[in-house]
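If you read the protein sequences in the order shown, they are chains A and B. The opening position of the first sequence corresponds to residue 1 in the UniProt record's numbering, with each subsequent residue numbered one higher. The opening position of the second sequence corresponds to residue 1 in the UniProt record's numbering, with each subsequent residue numbered one higher.
A hint or two may mislead.
In silico DSS-like links for lysine-lysine, alpha-carbon gap of 30 Å or less [as the list claims (entries may be wrong)]: (1) Lys321/A <-> Lys73/A; (2) Lys287/A <-> Lys321/A; (3) Lys344/A <-> Lys69/B; (4) Lys105/A <-> Lys130/B; (5) Lys172/B <-> Lys130/B; (6) Lys344/A <-> Lys82/B; (7) Lys57/B <-> Lys69/B; (8) Lys73/A <-> Lys82/B; (9) Lys154/B <-> Lys73/A; (10) Lys321/A <-> Lys282/A; (11) Lys160/B <-> Lys57/B; (12) Lys130/B <-> Lys94/A.
Just so you know, the hints here were simulated from the structure itself, not pulled from any lab data.
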Amino acid sequence: MPTNNLQALLSADISDPTDFPTNELRQLDASFRCTICGEFYDAPVILACGHCFCSLCIREHIVRETQCPNCRKSTAEAHFRLNPALEEAVEAWKRSRPIVLQLSKEEQCRIESYSHVDTQKTPTRTRPPNNNNTAKRKRRARSESSDSEIIHVAGPSNSKASSEVVDSSPAPAYDRRPSKRRDTEPSSDIGEEELEPDSLISCPICGRLVEYQLINGHIDGPDCGNSKAAPKSNTQVPNSGARNEWSKILGKSSLKKGKNKESSDSDGIMERLPKVSYAVLKDKVLKDLLLSQRLPTTGDRFTWIARHQRWVMMYNANLDKSEGNRKGLAELRNELKRWEEDRKISKRIVEDVIAHETAYRADFQRLVEEARRTRATPVTNSLPHALQGPQDNCKQTIVDDSEED
Amino acid sequence: MNSRGSNSSGNSAIALRRLMTEYRQLTSGGSPDGMFTAGPISESDFFTWEALICGPKDTPFEGGVFVAKLTFPTDYPLSPFKMRFEPPIYHPNIYPDGTVCISILHTPGDDPTMYEQASERWSPVQSIEKVILSVISMLAEPNLESGANIDCCKLYRENKAEYERRVRESIKQQLGL
Numbered sequence: 001m002p003t004n005n006l007q008a009l010l011s012a013d014i015s016d017p018t019d020f021p022t023n024e025l026r027q028l029d030a031s032f033r034c035t036i037c038g039e040f041y042d043a044p045v046i047l048a049c050g051h052c053f054c055s056l057c058i059r060e061h062i063v064r065e066t067q068c069p070n071c072r073k074s075t076a077e078a079h080f081r082l083n084p085a086l087e088e089a090v091e092a093w094k095r096s097r098p099i100v101l102q103l104s105k106e107e108q109c110r111i112e113s114y115s116h117v118d119t120q121k122t123p124t125r126t127r128p129p130n131n132n133n134t135a136k137r138k139r140r141a142r143s144e145s146s147d148s149e150i151i152h153v154a155g156p157s158n159s160k161a162s163s164e165v166v167d168s169s170p171a172p173a174y175d176r177r178p179s180k181r182r183d184t185e186p187s188s189d190i191g192e193e194e195l196e197p198d199s200l201i202s203c204p205i206c207g208r209l210v211e212y213q214l215i216n217g218h219i220d221g222p223d224c225g226n227s228k229a230a231p232k233s234n235t236q237v238p239n240s241g242a243r244n245e246w247s248k249i250l251g252k253s254s255l256k257k258g259k260n261k262e263s264s265d266s267d268g269i270m271e272r273l274p275k276v277s278y279a280v281l282k283d284k285v286l287k288d289l290l291l292s293q294r295l296p297t298t299g300d301r302f303t304w305i306a307r308h309q310r311w312v313m314m315y316n317a318n319l320d321k322s323e324g325n326r327k328g329l330a331e332l333r334n335e336l337k338r339w340e341e342d343r344k345i346s347k348r349i350v351e352d353v354i355a356h357e358t359a360y361r362a363d364f365q366r367l368v369e370e371a372r373r374t375r376a377t378p379v380t381n382s383l384p385h386a387l388q389g390p391q392d393n394c395k396q397t398i399v400d401d402s403e404e405d
Numbered sequence: 001m002n003s004r005g006s007n008s009s010g011n012s013a014i015a016l017r018r019l020m021t022e023y024r025q026l027t028s029g030g031s032p033d034g035m036f037t038a039g040p041i042s043e044s045d046f047f048t049w050e051a052l053i054c055g056p057k058d059t060p061f062e063g064g065v066f067v068a069k070l071t072f073p074t075d076y077p078l079s080p081f082k083m084r085f086e087p088p089i090y091h092p093n094i095y096p097d098g099t100v101c102i103s104i105l106h107t108p109g110d111d112p113t114m115y116e117q118a119s120e121r122w123s124p125v126q127s128i129e130k131v132i133l134s135v136i137s138m139l140a141e142p143n144l145e146s147g148a149n150i151d152c153c154k155l156y157r158e159n160k161a162e163y164e165r166r167v168r169e170s171i172k173q174q175l176g177l
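Take the sequences, apply the hints, and build the full model.
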């Protein structure tokens with residue numbers, strides 16, 4: 001078992017919808033995720049039936065079964081349609097997710113602590129903090145003095161381009177009680193108690209004028225010039241250096257990401273790789289096929305086929321991303337290599353069969369003994385066929401499946 | 001197409017991530033009505049889980065708590081997992097060795113009983129939660145068309161009272177009453 005892998009994953013802290021405290025946000029987060037892998041859509045494609053999956057996930061699936069995993073309508077690779085709008089939405093959500101997550105958690109904390117601290121002020125405290133509407137209600141009840149800003153919650157993309165005064169969803173969490181969170185910004189130390197929540201101050205990083213109460217959210221958010229330097233957890237948005245590299249590879253400027261329409265087919269440099277019927281190919285042709293893609297030719301024929309098949313899948317799935325998000329060929333090759341290493345761990349190949357046999361002879365004998373014993377018992381059970389008949393059938397089919405090539 | 005490449009090889013990293021996500025969702029969301037819990041037996045092996053299932057109400061299984069072992073393939077969720085009750089339950093759709101025979105855990109390719117609709121088979125969008133809920137409803141309403149324990153099927157059809165008595169008996173035995 002890939003233990004190291006597991007430990008890496010345990011520490012990696014995989015995000016999932018239940019990170020959020022409320023059901024609405026969980027549903028929102030879930031709606032950006034592929035139902036096969038449970039991750040955010042990566043190069044989403046729509047099938048003829050309208051269901052949407054990561055390109056790679058559905059490509060892996062239809063090798064076995066040419067049906068939509070959701071509704072089982074028949075489907076084929078030719079039916080895939082790109083979904084750049086969803087891809088964009090996912091990217092935007094990935095960028096704003098940390099902020100929303102933090103806000104919702106802070107809100108949760110505050111509601112809880114608030115109900116402990118001053119019990120005489122709010123009338124709506126009786127509800128449990130998990131109630132979905134409570135957050136909103138609390139906010140209204142609390143901010144008697146300055147509630148004008150609470151209603152206008154603009155999406156992050158709206159305020160991105162032009163607005164001098166940043167007006168985005170972070171607003172409510174920082175109103176009235178900035179003292180809760182003064183760990184990061186130096187500016188928060190300057191006489192914060194005197195400032196009105198909606199007075200303008202200039203951002204210490206990008207210099208833009210921002211409402212005082214929004215400054216924290218602004219610095220963390222994508223609007224501020226700082227955000228490129230700040231490490232972002234979930235985003236796959238490359239830094240500009242890497243993007244320049246890619247634009248060289250792709251032969252076009254990929255910097256205007258999000259604006260360019262899908263134009264890969266006309267590109268000429270990256271065209272989708274055709275499927276190959278490996279069974280009819282001789283070893284040499286197969287090898288040339290790998291070499292033409294600059295893939296390694298180590299291993300046996302089965303390894304080559306698996307490698308090439310995977311490569312075609314990854315390559316084509318990569319083309320289903322919008323141009324700015326695509327990976328370079330070198331990166332894809334690295335991923336292929338990792339995939340092969342991963343496979344080796346999960347399926348150890350015995351190289352020297354005889355040595356293996358002698359090494360594990362005792363184990364084999366013990367297992368054979370055990371198998372004989374368990375086989376002997378059901379006969380006395382007056383009903384041997386109930387155990388054997390259907391199950392044998394089942395095994396038979398599996399074996400057939402794997403041998404059809 | 002060449003099915004060998006993909007059948008035998010899963011990307012276990014993807015399987016792991018998905019299993020961890022499902023685990024987190026099960027632990028934080030909780031199962032509906034608290035009818036079951038499930039999780040990996042040890043932290044070092046995420047591909048073997050154990051599920052504790054409460055017998056559904058108004059059935060002879062009421063009051064019982066059943067332990068099932070779930071074994072995941074490395075290409076999960078493209079392939080379904082296997083589910084086996086340990087110790088076995090006396091039920092028309094459970095093999096005498098405890099393995100659960102339910103269509104949602106069969107891929108369209110394999111059809112041990114030849115009775116199943118392709119529409120109710122495994123697909124990668126199914127989840128542990130959905131499967132266990134299906135098993136719970138299977139406990140309440142056995143599917144006699146595709147029996148796994150023929151003896152039990154026969155008894156269920158011919159003498160349901162005796163079947164229920166036997167089930168209750170076996171539960172009492174399991175609980176050590």
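Now the hints, each set against the structure:
1. Proximity of Lys321/A to Lys73/A is assessed by CA-CA distance (about 24 Å); at most 30 Å being required, the pair is judged to hold.
2. For the suggested pair Lys287/A and Lys321/A, the alpha carbons sit about 29 Å apart, so the restraint of at most 30 Å is met.
3. Of the pairs offered as hints, the one joining Lys344/A and Lys69/B holds, with about 26 Å between alpha carbons and a cut-off of 30 Å not exceeded.
4. Of the supplied pair hints, the one linking Lys105/A and Lys130/B holds, its CA atoms being roughly 29 Å apart against a limit of 30 Å.
5. A distance of roughly 28 Å separates the Cα atoms of Lys172/B and Lys130/B; the hinted pair therefore holds under the 30 Å criterion.
6. Of the supplied pair hints, the one linking Lys344/A and Lys82/B holds, its CA atoms being roughly 23 Å apart against a limit of 30 Å.
7. For the hint linking Lys57/B to Lys69/B, the alpha-carbon distance of about 22 Å falls within 30 Å, and the restraint holds.
8. This hinted pair checks out: Lys73/A and Lys82/B have alpha carbons roughly 25 Å apart, not beyond 30 Å.
9. Annotation: proposed proximity of Lys154/B to Lys73/A is violated, straight-line Cα distance about 37 Å (limit 30 Å).
10. With a C-alpha separation of about 33 Å, the suggested pair Lys321/A and Lys282/A falls outside the 30 Å cut-off, and the hint is violated.
11. A threshold of 30 Å between alpha carbons decides the hint, and for Lys160/B with Lys57/B the separation of about 17 Å falls inside it, so the pair holds.
12. As the CA atoms of Lys130/B and Lys94/A are separated by approximately 28 Å, the hinted pair is consistent with the 30 Å bound.
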